[in-house]
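Protein chains in written order, with our numbering: chain A, 1 to 133; chain B, 134 to 528; chain C, 529 to 914.
Note that these hints are calculated values from the structure, not bench results. Cβ atoms here follow ideal geometry from the backbone N, Cα and C, with glycine treated the same way. Don't take every hint at face value.
[As the list claims (entries may be wrong)] Covered, in the sense of this in silico footprint (three residues per stretch, anywhere, with C-beta under 8 Å from a C-beta of chain A), are these stretches of chain C:
1) 585-592
2) 670-676
3) 738-748
4) 891-904
[Unchecked claim] Label-pair distances were calculated between CB atoms; the ranges are:
5) B:Glu441 / A:Glu41: 23 to 31 Å
6) A:Lys110 / C:Met725: 21 to 29 Å
7) C:Asp632 / B:Ala332: 35 to 43 Å
8) C:Asp547 / B:Asp362: 48 to 56 Å
9) A:Arg40 / B:Arg527: 53 to 61 Å
10) B:Pro153 / A:Tyr122: 31 to 39 Å
11) C:Pro646 / B:Ser333: 31 to 39 Å
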Amino acid sequence: MEVSRHWRLRQQRYALVGEVCPHCDVKIFPPRDICPDCGREARTEYQFSGRGEVYSYTTVHDAPAGHEAYAPYTVAVIRLEEGPMVTAQLTDLGDQPIEIGTPVEMTTRKIGEDGERGMLVYAYKFRPVLRPA
Amino acid sequence: MHAPGSALPEILVAGVGLTPIGEHWEKSLRSIALEAMTAAVEDAGGLRPQALFVGNMLAPALSAQTHLGVLLADFAGWRGIEAATYEAAGASGGVALRQAVLALASGEMDRVMVVGVEKLTDRIGSSVEAALAAAADADFEAVQGLTPAAQAGLLMRRYIHEHHVPEHGFAGFSLTAHANAVGNPRALYRRAIRLEDYASAPMLSDPLNLFDAAPVADGAAAILLTRGDRHRPAGERTPIRILASAVATGPLALHDQPDPLGFEAALISAGRAMAQAGMAARDIDLFELHDVFSIYAALALESAGFAERGQGWRLAAEGEISRTGRIPISTLGGSKARGDAGGATGVYQAVEVVLQLQGRAGEAQVPEAQVGMGQCLGGAGATVATHILARADRL
Amino acid sequence: MREVAVLGAGQTPVGEHWDRTLVSLAGEAALEALRDAGLDRPDVLIVSNMLSGVGPGSQLNLGAQIADWCGLKGVEAFKIEAACGSGGAAFRAGVHAVGSGLVDLALVVGVEKMTQTPSTVTTAGLATAADADTEAAHGPSFIALNALIMRRYQHEYGWKHEDFGAFSVNAHANGALNPYARLQQPITHEDYREARMVCEPINLLDSSPIGDGAAAVILVPAERLVPGGGRPRVVVAGSGAATDSLAVHDRRDLLWLAAAERSARQAFAQAGVGPDEIDFFELHDAFSIMAALSLEACGFTERGQGPRLGLEGAILPSGRLPIATQGGLKARGHPVGATGVYQIVEVARQLWGAAGDNQLPEPRVGMAQNIGGSGATILTHILRIS
Chain A
1 MEVSRHWRLR QQRYALVGEV CPHCDVKIFP PRDICPDCGR EARTEYQFSG RGEVYSYTTV
61 HDAPAGHEAY APYTVAVIRL EEGPMVTAQL TDLGDQPIEI GTPVEMTTRK IGEDGERGML
121 VYAYKFRPVL RPA
Chain B
134 MHAPGSALPE ILVAGVGLTP IGEHWEKSLR SIALEAMTAA VEDAGGLRPQ ALFVGNMLAP
194 ALSAQTHLGV LLADFAGWRG IEAATYEAAG ASGGVALRQA VLALASGEMD RVMVVGVEKL
254 TDRIGSSVEA ALAAAADADF EAVQGLTPAA QAGLLMRRYI HEHHVPEHGF AGFSLTAHAN
314 AVGNPRALYR RAIRLEDYAS APMLSDPLNL FDAAPVADGA AAILLTRGDR HRPAGERTPI
374 RILASAVATG PLALHDQPDP LGFEAALISA GRAMAQAGMA ARDIDLFELH DVFSIYAALA
434 LESAGFAERG QGWRLAAEGE ISRTGRIPIS TLGGSKARGD AGGATGVYQA VEVVLQLQGR
494 AGEAQVPEAQ VGMGQCLGGA GATVATHILA RADRL
Chain C
529 MREVAVLGAG QTPVGEHWDR TLVSLAGEAA LEALRDAGLD RPDVLIVSNM LSGVGPGSQL
589 NLGAQIADWC GLKGVEAFKI EAACGSGGAA FRAGVHAVGS GLVDLALVVG VEKMTQTPST
649 VTTAGLATAA DADTEAAHGP SFIALNALIM RRYQHEYGWK HEDFGAFSVN AHANGALNPY
709 ARLQQPITHE DYREARMVCE PINLLDSSPI GDGAAAVILV PAERLVPGGG RPRVVVAGSG
769 AATDSLAVHD RRDLLWLAAA ERSARQAFAQ AGVGPDEIDF FELHDAFSIM AALSLEACGF
829 TERGQGPRLG LEGAILPSGR LPIATQGGLK ARGHPVGATG VYQIVEVARQ LWGAAGDNQL
889 PEPRVGMAQN IGGSGATILT HILRIS
């Protein structure tokens, strides 16, 4: 059971907290201490809005161990509005067809269980932006 | 020193870095590695490597992560450079170092980073034990419930039987390591211990007790190497050169080794290294051996020629392994007190030899150290990697 | 660096080897390579493997284990790992070892056993090649990550799914003639179109099969081999290695294999050749999208036009750039940590004239490219007759 690992990642998983590079202003997710763009130190916290759009997506039927109970599920690469991309499951799809470019917003959902005691693991998932009826 | 030199082209140490070893629950594997790599780059005056050699054994099992080479290169901001992981159980760091030496010797690169990293604390409990036992033969040893401590315990019992070692004959290894660690602010355990502490320690796998065994925890060490003909290290530190690098193997399972107490692979590895450097045991000023279990320290000393077979334990009992003794070992605490970071050990050893040779070991300094040897073990001596480093100005 | 030659090769068929241990498979290929080279003992044994360290039931210290099995007492040995790029990385390490002058004989053996674990465990094992924290934790399997790339690629360049079929048809046709291949039945374009979706838009015939297997090569200094008489002397003309971001979502450009471009350029420069001089290409067709992207990044065709090489027949044995000549990953199979060495064995066999029914007419320059993850680590090698 990877308790400490899940705990370390909580700010990213629950709140989409990343970094902004103080040198070149690039937004970084997840935090990584060295800016991937300009290569200099970047440790300033930055709060992402949670909004983005679908860059690509697919549906997983043959799930890896630990995720079988949830198959089939849809996984996507999301381009956050601030620039970085993330890998995440899509949720609350309902009848809505997903397309490349669909606007989405972050929500926090269960992504699995860990260990025999079934520690619940939560993280960001993305859902289509709700439109007024 | 007699006939010193090297079979290797000039390979210099540009910078070193390491983290304290411990249970770093709050740090990820990649951030621990980055700490060490950043320290080495700073130590080298900001030099960027062209390739990354990673020594690690447990990430696939405990962190569900292979592909550490690119992970760490990317995380360090060196996207694009070549990178791969080298594994030989506890000797992973040593074989990574060896491959870096060969790559530099080929001339295809000038500056490389070797980083040893291990993170045990992504998991707790029996899965960690199972992962550590994977250094033994999975089908014929581990499946029987044999642990690394049990392997060492088997060897130790046989050794005591053959060489008539008195009770507590191995205590000196533990006492010396802990005494040395008092002078190392980055050691895991910094308190000296007494014979009574050793004598009353609980059994781990008898006759091996708790103080015969090193604590294994998280840590990373990094070393930046360059080809001397293309890049001279800047700054005022004494340049350190790698004189020798040699890896040898033996059967994986203890029961398959024709002469387990002969520590055959270590004998071959140390012998090759000394031949490359044109040196003998008496030329070595300090020996960072792999004292993950005290029996291995005794066997390493014997197989490298510092003591006759069966007499290695005496070096510890008679104080010869202290910082002022004939052959100082574990000078900053060794695996026993500085801590053992699994596959990262070989790089920790090299870094500590560099610190000693450059006079940067603070209170743990071995006086006038000019030549140091590092040796790490995979399994019960199934893979052994030995390196000899020396002050380049004294050759 | 002194020039390095490939002296011998060995391989096992790729398949489900229930009755064989990993170490015995490795030993078989290693000993065959030594016999093929007429030698007894290497100076160093380099093992490439991806999954042996992944729990449960993991095995570390494979170098020592395989060395012991082969009776190579005391030899230098270790394992190198770069996910599915392990084989190429191991070959490169062997080239550096022999090229340095410090080692005279390197034996590189790639081995993988992966068909006896339940598929969820195998899938989780393959997912360790991705970023555990930001990719794998969210559930995408390795196929899913490639599916994300393929879908975006189709979106940007307008290719229909059936346009990728030629890669699979070609690979299967070649695999049918290779006794070592996992899959030996030819397929038709109709089979491709009708194959079931595995992870949309990737279907079953876009995906290479896993398998168990081992392949080995012997490297020596080229000057040890006098050309003329018998087998042509095959030398390593170029070797390149590069990485990109580990996570797919961190790529500057998801649809460009930057590490393939970079490592291929290094290899081309060393060999003093360009894409036009390559007679055949053992590329990393783990998925048909990877084949297309590899061809583009290496400069064999323009960006976004990879499938065109398939549609035009350029990739066939009779075409201007044969690929997957002995089945490729798609039909020969993909025993992940061993694949990179299988590629080298296949290039060498072509150049030696020893490729059996897959033999191309007198090739002189062959290229092999091995990819770790979905483009994160890429090794490119060019071999030629000298």
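Evaluation of the provided hints:
no. : hint                            : result
1   : 585-592                         : violated (count 0)
2   : 670-676                         : holds (count 5)
3   : 738-748                         : violated (count 0)
4   : 891-904                         : violated (count 0)
5   : B:Glu441 / A:Glu41: 23 to 31 Å  : 54 Å, violated
6   : A:Lys110 / C:Met725: 21 to 29 Å : 26 Å, holds
7   : C:Asp632 / B:Ala332: 35 to 43 Å : 52 Å, violated
8   : C:Asp547 / B:Asp362: 48 to 56 Å : 53 Å, holds
9   : A:Arg40 / B:Arg527: 53 to 61 Å  : 39 Å, violated
10  : B:Pro153 / A:Tyr122: 31 to 39 Å : 32 Å, holds
11  : C:Pro646 / B:Ser333: 31 to 39 Å : 48 Å, violated
Hint compliance for this structure: hints 1, 3, 4, 5, 7, 9 and 11 are not met, and every other hint is.
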